[in-house]
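One-letter residues, chain by chain:
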Amino acid sequence: MPITLGLLLALSFVVSLLALAFLIWAISNRQITIDQHDAETVFEPGEERGDAGEETQLHKFDPVQAGIDQISSRPVLVLITAATLWLVAGSFFGLIASLKLHWPDWLDFAAPLTFGRMRTLHLNLVVYGWLSQAGVASVVWIIPRIFHTPLRRPKPVLWGASLWNIGVTLGALAIARGWTDGEEWLEIPWQVDILLAAGGACFIAPLIQTARARQVHHIYVSGWYFLAAILWFPVLFVVANLPLYGGAQEATINWWFAHNVLGLWLTPLGVGAAYYFIPKIIGKPIYSYAVSLLGFWGLALFYSQVGIHHLIGGPVPTWLVTLSVVHSVMMFIPVIAVAINQHVTVAMNLWALKESIPLRFISFGAVMYTLASFQGSIEALRSVNTITHFTQYTVGHAHLGAYAFVSLVMFGAIYQILPRATGRVFPWPGLLKLHFWLVAIGFAIYFFALSIGGVLQGLAMLDATRPFRDSVEVVLPYLQARSVGGALMTLGHLVFALNLLGLALAARGESATTVAAE
Amino acid sequence: MNRYLPLSILALAILAFATLMLVIAPGMQIDARSVPAGLRDYTEAQQRGRDVYVAMGCVYCHSQQPRSPDQAPDGERGWGRPSVASDYVFDAPHQLGTMRTGPDLLNVGARLPSEDWHLTHLYQPRAIFDWSIMPAYPFLFEHKQQAETDDTIVILPPAYAPEDGVVVAGPDALDLVAYLQALDRTYPTPTDGLRDDGYASGPSADASSVEEGDG
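So the protein sequences, as listed, match chains A and B. Using UniProt numbering, read the first sequence as starting at 1 and increasing by one per residue. Using UniProt numbering, read the second sequence as starting at 1 and increasing by one per residue.
Hints are all accurate, no fakes.
One side only, chain B facing chain A, incomplete, derived with CB under 7 Å:
1) ALA11
2) MET21
3) LEU22
4) VAL54
5) TYR60
6) ARG67
7) GLN71
8) PRO73
9) LEU96
10) MET99
11) PRO103
12) TRP131
13) PRO135
Here are the in silico distance ranges between beta carbons for each label pair:
14) B:ILE128 / A:PRO477: 18 to 26 Å
15) B:TRP131 / A:VAL235: 45 to 53 Å
16) B:GLY78 / A:VAL235: 39 to 47 Å
Read the hints as simulated data drawn from the structure, not as lab findings. Ideal Cβ positions, reconstructed from N, Cα and C, are used throughout, including at glycine.
Chain A extracted, bound-state conformation:
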């Protein structure tokens, strides 16, 4: 038995490394044909900018593209509207949870208001209500565009949106009433999860059908991420929700799932959207297309095995923890690959950040992806994890990933999509900027407060000469600061919702001006 397990561990490393070596060999020997030319798939003829970045060839009204967008726009609008409502609700629950940590006697008269339920509502609403639906909306928008063919079966996508939102609503009610599966990220009762699974199936089938009917030879990089994510997530969701497990084994499944929701679901949605919108808005293809292959397959190989870094020092086998730690560190490879592509493309075209607010959100989010991943790889090292593991530092990291990266990319994507999906302009462009600064400043306060507070909390707990009380008192001012940051973020989300409302009420037809500013 010891031999078998050692072998398994070695096998995992060897398989991953061999796969990576094979990939590099295949790229360099042109076994996989992919070249810089393929990176231009995102553009319509004549849309790409000349070398001087001159604006002579701005987005032309393209009837084919218009026909494509027209079909996707209904489901996309429904998904974005629902996502925005959940974002606002979820933010308020997050803010209440945050306030309760330093005002413990506030709102303590009823069970649904207790910290444990507010926090759970927050997490489930922002992950399943906001991020997942905003992500699916971007996929539904982008897939037909990069495949140059209209979305097949838009109706089921609408059914899917209904089922999904009924599921999220029932899940929230269940959690508020104390009916929960009781594992982090999997609290929604599995009976309700059946609705979410059915809704998910209604999203996925039309997308796969559209991919198979594509009118282009090449699958653009965003497509790899999206097509893989819509297969990965259903497998994860169904396997993890089967009500079959218990004890320490359940903990490994719990974290295999929870980290893969980030790594194989939210991350590909965010990275894929950034890979599409960055070159599209700037009008220049991404910097090095071949490197993006490394980024994608590296993510698949390494990210899928990092989950057990949430159980370092816990009651699970040593080899398993080591496996996840090593793969966490290996994540540097795909992350650097994505960083080269996305940041260099933006850095060579800094002028575009001034012109396009959506691009500002998206490329800020892309930079946060790099930082969150670097931080995660370091946080998984045993020595660092000992300090940070059971502290607020982890929550800071969670928000760097789920918020500063994925949510900001989604804000930008939505601001980019909506004028094109509705043919209207945002009536108050100043409020888009206000939204950006509120969430950027709010997040900065949030993140630095919890990172510093978390380390102090961890150090206090590791020092046996200090009473436990010290770890509570030392982090308290930082929890208060987090509430300030979180309040600014929540305010930003209200401004975001207001912008969407403004667009909904605006008159049609002025589109030419802003759409041209892309």
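With chain A fixed as given, assemble chain B onto it according to the hints.
For chain B alone, coordinates are given in the frame of chain A:
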């Protein structure tokens, strides 16, 4: 990267491989361990109390997994010996937790056996520690003018006691305390105990790698 099928098959194959490593292999290894001689299954009341613990979300502030002395002074804080996988065989859903806003609770029953203490603490933690940021759970209790014969009265300092009458524990509070009292893994570590020994240094690290696989 121009074809749909190879892309999706490979993507799913990688996930299947990860599932083998992260779920199936450790699952088999953990399953092979025997139930520790000192561990009892929960009684009905304790299990009901555990369900209250889960429904209230105590896990978001309390872990249930003391670390080894090689890594952290959990033992010195009175949180118990390093836990092993088989300490949790009766736990569903698991409540290992990832946050220590409050202390680890895997052995709180051994550390704090008094029902009265827990009832007071759950009704109002600040009645015991003025610095506590743990939520109060007053809705698990009842305010009565007069206690009945089988009521459990909560002992409260004057600052937190009601002006008139008494506070008595509701059924959920009593079950929850029964569960907290049952949190006691102070029996010796099972010989085939399985846990992350990655912090052990020197020869003991080698010993642990043998230990880990012999099930």
